[in-house]
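Given chain A, work out where chain B should sit, using these hints.
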Amino acid sequence: MIKYIAKRIVQFIPVFLGVTLILFVLQNVVPGDPIKLIAGEKKLDEQTEISLRAAYHLIETDENGEPVFDENGNTIETPMWKRYIQYITGLLHGDLGRSYQQNGKPVAEILAEKYPYTIKLALVAIVIESIIGIAAGMISAIKRYSAWDIGVTTVTSALVAMPAFWFGMLQQLFWGIFLKNVTGGAFYLPISGAGGPHAEFQDWAYYMLPALTLAAVSTAYTARIMRSQLLEVLNQDYIRTARAKGLSRKAVIFRHALKNALIPVVTYIGMDFGGMLAGAILTETVFNWPGVGFETYRAITQRDWPIVLGSVTVIVVVVMVINLVVDVSYAFLDPRIRFDGSKSE
Amino acid sequence: MFGLGLKKKNRIDLRDTPVPEGHHLLEVNDLKMYFHTQDGVVKAVNGVSYTLDRGETLGVVGESGSGKSVTSLTIMGLIPMPPGKVEGGDVLYRGKSLLDMSEDELESIRGNDIAMIFQDPMTSLNPVYTIGRQLSEGMRLHKGMSKKDAMARSVELLKMVGIPNAEQRVKEYPHEFSGGMRQRVMIAMALACDPDILIADEPTTALDVTIQAQIIELMQELQQKNGNAIIMITHDLGVVADIADKIMVMYAGQPVEFGTRDEIFYNPIHPYTWGLNRSIPEPAIDEKHPLTPIKGNPPSLVDLPEGCAFAPRCPYATERCRKEMPKVYTTKTGHYSKCHYSADEAFVRANAPETSRTKAQRIVELKGDM
Numbered sequence: 001m002i003k004y005i006a007k008r009i010v011q012f013i014p015v016f017l018g019v020t021l022i023l024f025v026l027q028n029v030v031p032g033d034p035i036k037l038i039a040g041e042k043k044l045d046e047q048t049e050i051s052l053r054a055a056y057h058l059i060e061t062d063e064n065g066e067p068v069f070d071e072n073g074n075t076i077e078t079p080m081w082k083r084y085i086q087y088i089t090g091l092l093h094g095d096l097g098r099s100y101q102q103n104g105k106p107v108a109e110i111l112a113e114k115y116p117y118t119i120k121l122a123l124v125a126i127v128i129e130s131i132i133g134i135a136a137g138m139i140s141a142i143k144r145y146s147a148w149d150i151g152v153t154t155v156t157s158a159l160v161a162m163p164a165f166w167f168g169m170l171q172q173l174f175w176g177i178f179l180k181n182v183t184g185g186a187f188y189l190p191i192s193g194a195g196g197p198h199a200e201f202q203d204w205a206y207y208m209l210p211a212l213t214l215a216a217v218s219t220a221y222t223a224r225i226m227r228s229q230l231l232e233v234l235n236q237d238y239i240r241t242a243r244a245k246g247l248s249r250k251a252v253i254f255r256h257a258l259k260n261a262l263i264p265v266v267t268y269i270g271m272d273f274g275g276m277l278a279g280a281i282l283t284e285t286v287f288n289w290p291g292v293g294f295e296t297y298r299a300i301t302q303r304d305w306p307i308v309l310g311s312v313t314v315i316v317v318v319v320m321v322i323n324l325v326v327d328v329s330y331a332f333l334d335p336r337i338r339f340d341g342s343k344s345e
Numbered sequence: 346m347f348g349l350g351l352k353k354k355n356r357i358d359l360r361d362t363p364v365p366e367g368h369h370l371l372e373v374n375d376l377k378m379y380f381h382t383q384d385g386v387v388k389a390v391n392g393v394s395y396t397l398d399r400g401e402t403l404g405v406v407g408e409s410g411s412g413k414s415v416t417s418l419t420i421m422g423l424i425p426m427p428p429g430k431v432e433g434g435d436v437l438y439r440g441k442s443l444l445d446m447s448e449d450e451l452e453s454i455r456g457n458d459i460a461m462i463f464q465d466p467m468t469s470l471n472p473v474y475t476i477g478r479q480l481s482e483g484m485r486l487h488k489g490m491s492k493k494d495a496m497a498r499s500v501e502l503l504k505m506v507g508i509p510n511a512e513q514r515v516k517e518y519p520h521e522f523s524g525g526m527r528q529r530v531m532i533a534m535a536l537a538c539d540p541d542i543l544i545a546d547e548p549t550t551a552l553d554v555t556i557q558a559q560i561i562e563l564m565q566e567l568q569q570k571n572g573n574a575i576i577m578i579t580h581d582l583g584v585v586a587d588i589a590d591k592i593m594v595m596y597a598g599q600p601v602e603f604g605t606r607d608e609i610f611y612n613p614i615h616p617y618t619w620g621l622n623r624s625i626p627e628p629a630i631d632e633k634h635p636l637t638p639i640k641g642n643p644p645s646l647v648d649l650p651e652g653c654a655f656a657p658r659c660p661y662a663t664e665r666c667r668k669e670m671p672k673v674y675t676t677k678t679g680h681y682s683k684c685h686y687s688a689d690e691a692f693v694r695a696n697a698p699e700t701s702r703t704k705a706q707r708i709v710e711l712k713g714d715m
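So the protein lines, in turn, are chains A and B.
So that you can map any letter, position 321 of the first sequence is 321 in the numbering used here, and since no number is skipped, the others follow by simple counting.
Take the position in the second sequence, starting the count at 1, then add 345; the result is the number in the numbering used here.
If you are wondering where the hints come from, they were derived from the structure by calculation, not from laboratory data.
Heads up, the beta-carbon is just placed ideally off N, CA and C, and yes, glycines get one too.
Heads up, some of the hints might be wrong.
[Claimed, not checked] No farther apart than 27 Å at their CA atoms in a straight line, the calculated lysine-lysine pairs in the DSSO-like style are these:
hint, chain 1, residue 1, chain 2, residue 2
1, B, 492, A, 259
2, B, 668, A, 259
3, B, 488, A, 259
4, B, 516, A, 250
5, A, 250, B, 493
[To be verified] Not close to chain B: a few residues of chain A, all C-beta gaps over 10 Å, as computed:
hint, residue
6, 10
7, 14
8, 26
9, 39
10, 88
11, 90
12, 139
13, 147
14, 150
15, 185
16, 241
17, 247
18, 267
19, 317
20, 333
So here's chain A without its partners, still in its complex pose:
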């Protein structure tokens, strides 16, 4: 097991280098000069421009960070490969670079501010997804073709087909505006922001709509996977064996069927959690949620490349780690999985 985990971590290295390289190149091939971007409408004097370029490692500098000039008195542009190496070296020291905006605030600092919001939202969403998704799927499978089953199947089909941002807006309309009008302002939910000391609502209220929106599609998928898996498992010969032993239907479902049916569901939920930690750009943007997703969206629209690059780098690491945790958790559910690289049968 330890050997397997070590092997997987070693495999992270090429993936990590590949992703950062692609992003770094993309960032550099899109047109536009970052320094002009920082300046905006203002005209920079030559001295400021040179010191900015030096600060963002765009031109060659000496050990003290002072720009180096060639024989004609011009600055020397740092080649891209050299800047990539500088970037990776920085990464290994926890330096993700600095924002082109926000007064050149370090990217690591910005992400550290935003990540807690994303993590908290993802946790709430994953709890909703696991509880409602698994329960709905189980009821649907156990009471197959009943009104419950038809209800669950219909609702999940609708949710799967709905884009997250549209579902989010519908929720804002219903919970935030319609309900407020109908109850005369007595009851409604906040439709944007994440709360705080001076907010109108208590903090939990702010989680409701974004978490529901974020969980909606995944809950529908979880319910559908759970339903089909449980139905499949209930048809297996070993379920008949358990019944033949004299176990009650309930004991058979909870003891024999559930564990087998959960294996693919756990995989899906785990992967999905990884995705949510990557920041839900659509949901966070619709609800003005101050997480990494919203920050990434903002950075993309404003060409704040260091933030885009930095958040994607962090996301890559998070997703890889979550996937590893999911794979390792297999072994606890399915004894046939052994980490010598094969599934024995």
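Structure of chain B alone, referenced to chain A:
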């Protein structure tokens, strides 16, 4: 969190009640199990009757789809209803109807008084639990054993079915066992609560020949020790010839002939049984006497012929067979057959295949000539 249901209110204990006067251990009377499907009503079991006593072995033979397994699953109450529906008849265990019992009562019979070994050992064990846990389950449920006692008994059971290193193996998972080993585990599981009746549904079909013999011997040994009854479902006449006291031959959901082993093998009176007899390979005189298969296929159970179900494939079928459903003809010894002509001794004598006994004589003569 989810217990085994040990505190069940409606447990019944029939094991120690003696079989009532005039009853057998197990009586199946004119049992009919139909499946209501979109294509129509499948008459999977259509009037099966037999009796079984302690220490006896009943062999049930027939082609695939003749209703052998469904009969046993009906006795166990393991047919999902719907689509299945009991359309008539009864199953009495120690004089008490299994079909009238509540689900709770049935659960206390299943695995305890009547246990079943299933056909496919590769898929009949739960892959995510250890062998020991799966073996213990029934004993903890029915005998109220502690986890530790049940585990100790599981080790004993594994030893009994000939699994070496049982103390270690009990902690392993099904995928770590071979097919033959898993079938032994299935047998151990069925025997865990010393059942009165052991139903074995083609227990050796999935196994290779050397293992087959071992498994059958094992079941016989245990029967001698425990005195339980066995229902052996198979399409292998060789297996029933070895161990059955009584044999029921099934065709298209109906028993076509029922009798003692000797009656079925030496004095069969139904043309279908003759056909089965003729298709037993005869190693000694292979070249001169090729196997005679029964031509054609069994009828669809949704759309049975008007008269005798076997008539379309029967070489002796007459107009009467095609029009009129034959009645059961029973001899003095209880040997019965569902054929218009079984009572006609001349017809039987003229058309029955030579029996093993006469065959054996002829082989001896044949070999003497050479």
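Outcome of the hint check:
1. B:492 with A:259: holds (20 Å)
2. B:668 with A:259: violated (55 Å)
3. B:488 with A:259: Within the cut-off at roughly 25 Å; holds.
4. B:516 with A:250: Roughly 25 Å between the alpha carbons, so the hint for residue 516 of chain B and residue 250 of chain A holds.
5. A:250 with B:493: holds (24 Å)
6. 10: Non-interface label stands for residue 10 of chain A: nearest chain B Cβ at 29 Å, farther than 10 Å.
7. 14: holds (33 Å)
8. 26: holds (45 Å)
9. 39: holds (63 Å)
10. 88: It holds; residue 88 of chain A is separated from chain B by about 44 Å at its closest Cβ, greater than 10 Å.
11. 90: About 47 Å separates residue 90 of chain A from the closest Cβ of chain B, which puts it past 10 Å; holds.
12. 139: holds (16 Å)
13. 147: Nearest chain B Cβ is 18 Å from residue 147 of chain A, so the label holds.
14. 150: holds (18 Å)
15. 185: holds (44 Å)
16. 241: violated (5 Å)
17. 247: Violated, because the least Cβ-Cβ distance between residue 247 of chain A and chain B comes to about 7 Å, which does not exceed 10 Å.
18. 267: holds (15 Å)
19. 317: holds (32 Å)
20. 333: violated (7 Å)
In this structure, the hints that do not hold are numbers 2, 16, 17, 20, in rising order.
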